[in-house]
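Protein sequences appear in the order of chains A and B. Taking our numbering, I'd label the letters of the first sequence as residues 8 to 751. Taking our numbering, I'd label the letters of the second sequence as residues 92 to 238.
No lab work stands behind these hints: they were computed from the structure. What you are looking at is a predicted structure, and each value in this text was computed from that prediction instead of being measured. Just so it is clear, CB atoms sit at the ideal spot from N, CA and C, and this is done for glycine as well. Check the hints yourself; a few may be wrong.
What the hints assert, rightly or not - A few chain A residues facing chain B, derived, Cβ under 8 Å: (1) Ile-300; (2) His-303; (3) Ala-306; (4) His-523; (5) Pro-528; (6) Ala-533; (7) Ala-606.
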Amino acid sequence: MSVLQARALPRAIGSFWLGLCALALVTLLCFQLGFDATATAFVYLVVIVALSLVGSFIPLAALSVLGVASLSYFFAPPRFSFMVGNRQDVVVLGAFLIAALVTTRLVNRSTRAARLSEERARLLDLTHDAVIIRDMQSRIVYWNRGAERLYGWSATETLGRFMHEFRMGPESAADREAKAQLLQTGSLQRELWHTTRDGKRLMVEVSGALERDESGRPVAVLLTLNDITERKRAEDALRKSEERWRAVFEHNPTMYFMLDPAGTVISVNPFGAEQLGYTVEELVGRSVLDVFIESHREAARRHVADCLAHPGQALSWELRKLRRDGTMLWVRETARAMRTADDEVVVLVVCEDITQRKRAEDELRASETRFRTLVDHASDAFFMHDERGTLIDVNRQACEGLGYTRDELVGMSRADFISRLTTTDDEDAKGIRERYATSDIATLESRHRRKDGTLFPVEARMRQFRSEDGHQFGIALVRDITDRKQAEQSLREAQAALAHVTRVTTLGEVTASFAHELNQPLAAIANNANACHALLAEGIWEADELREALADIVSDAERASAIIERVRALAKRSAPERTELRLGEVVRDVLALAAAESAARQVTIRTDLAADLPVVMGDRVQLQQVLLNLVVNAMDAMAGVDESERRLEIRGQLDMQDGRPAVTIRVEDCGIGLKAEEADRLFEPFYTTKPHGMGLGLAISRSILEAHGGRLWAESNPGRGAVFSFLLPARGRSPLDAGPGPDR
Amino acid sequence: MSQAGPKNEGREMAEPHGALVAVVDDDTSVRLSTCRLIRSFGHRCESFGSGEEFFASGFAEQIACLVLDVRMPDMDGLEVQRRLFERGARIPILFVTGRASEQEEARARAAGAAAFLRKPVSQVSLREALDHALSASGRVQGDRDGE
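Just chain A, with the same shape it has in the complex (with noise of 0.2 Å):
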């Protein structure tokens, strides 16, 4: 208003002064015209209402009476004078001025009324707030800048359009039921979505108010509109944060709690109570002191207070804590003291149950102390070494066993003592780097030096560990076998004195053969003599006759040497040596000697002997009796059979053992056969089925063969009797360490 006053005086001189010249020139034209006052006075009036379209109301009032004064002395008789003569002239006049005032005071009024509403929309415009305004009928009737520019419609599109068509309040219920309370309270306040004209969705928060003519019916509603999206977002976020945050505060399984400085519990989280048995209304208020075993009470205090000493610090500690029932439990605190927003210091405690993670630390501890009293009393030495075989550490046992202090050998490598690999052979070694390799269990023999020099035997089972943290590592547990070695020693002497007794038995079984073999080169040679002699005593000089008799003598002589000397070598006790054999030649050497026996039972012996049997490693003598005992069991199975049909045949042919060649000699007799269950029992110690057997051939056979790398078993023969069968490897391998000496 104050605007309007400051502009009033001159616009109303202004205006003044115009109206003063409109009058005196419609004054002129009117006189010279020669009008009445009546008609004057009309001409007046719409000069003075055209001029009140554009004037204030005082001076067009002061050119009313101006125009009052310029009827009465130009207009009305008598003329130039202010008298009015006649009576109706005087109603004219006034009815000129009451109408002039009257119509000017109306226009004026009108029309500041318009420049009002004007000023009144322009700050509307002004204001950054949507404002729209509608009829009852939701036609809208304005549409301010604010809401140009929150809808993006102007309002020339709006105006005198229906607020639904710009999807503003379709009669949902929710909006019926805001109609109603605007009417009946003449406000309302709602937050909406609305659309835009691009199509974005705002959150807007509407306040209506109702305008209400004199009479009091509703004629308009008046809407602010304010774009609460981001804000209503901010609050969504930092109410869902708030929830979050709650959430994790109340449902974490973690215990958390705030205490003040005193260390009385200000707030606790339910998982936090309930863990120590208490709800949080009880643990509230409550010394924190209280849920520690008393023990650790005082370093609970203390560490509170480090964290008052040191605010905005992180501090850790492990303590125990009593439950409400008395049972214990083992919890991790990290603690922080801090200011809050009121300016407060409380100490914020995150707890973490750790009773588990304790007893498997205890447990671990006394498992690792159990495995270390176990390593140090074992009766292996142990090692471990890293990828390059340094020692990384070694037990009691490793120790004493090579005469090393533990410090000593800890950084030595394996290979300062270890003699060398001697396992059988190069493809043995080869498998054992591999199954090494492949982090398997791999077993070998070699010799351990003491610190002395000495050497001893061991066994050692390796393997290969990859360490958490990628390192390779190895764990050697080695056992002095100096003991083994030595029995195995001892059993292998027994053993070969005990085939020595069999060998001998089983020669005693073709003795009498022997005999009688011998008996015949003997006697040959006593007929040769006694010819010569008898011829020479004659004096019958037969030269040729005499050289060849005695040339026979010497060629018996010869083969009784032999004889004896196949015996005297399978009779001896010498010790088992491995050398390259011809089974063809072991097969004619039994033959030799079973050939005298055979004859005698009318045993007829056939070979069928493959010409390309390979040569195999073997003890000659061990494998003649195996041989040999094959022959006289098979000879004596034929006891109770036709004479006529006791054949035996002595098959050698070409196998395969493990993918590797081999020699299997087959033994077949026409004899009594086998009964099933005999087949295996026939091996065992002191089984017999002779009246004077020992019941060991077969049991010594085997082992000779088992030693031997081969094996022997029986089967029965698909037409009569029974095959015994033996395998033998042939030597095709490196006959490196093949032997079975001590290794020592």
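Starting from the structure of chain A, add chain B where the hints point.
For chain B alone, kept in the frame of chain A given last:
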């Protein structure tokens, strides 16, 4: 074990007047040496490695005496004796054996064996047995020195 085809292993001695003796033994050394010894006694001698060989040779009908092994593969001494008896050949038979059983000896003697000698046979006992057999059979031909 079987011998190669029949073969006359003896040779004509200086004294063709002696009796013809056959030796059947599967052991070559024994057979040849026995034959040689018999020849040194002044007889003629033929030797055979088996009974079959002996019968196949046709000598069975000609000889004055047979020196026979008991144990031989295929046809044993007793079998040879039995077959000769069957043929009606009454030849004196001297069994010479290394290891014949009492039973075999009894069977041989029952079947009319002239002698049953065990190896090693001494020169004297062989000569006596031979002479005795030849004289008993009455088929000794010619005189010998020293008798």
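Do the hints match the structure? See the list:
no. : hint    : in the structure
1   : Ile-300 : violated (104 Å)
2   : His-303 : violated (105 Å)
3   : Ala-306 : violated (107 Å)
4   : His-523 : holds (5 Å)
5   : Pro-528 : holds (6 Å)
6   : Ala-533 : holds (5 Å)
7   : Ala-606 : holds (7 Å)
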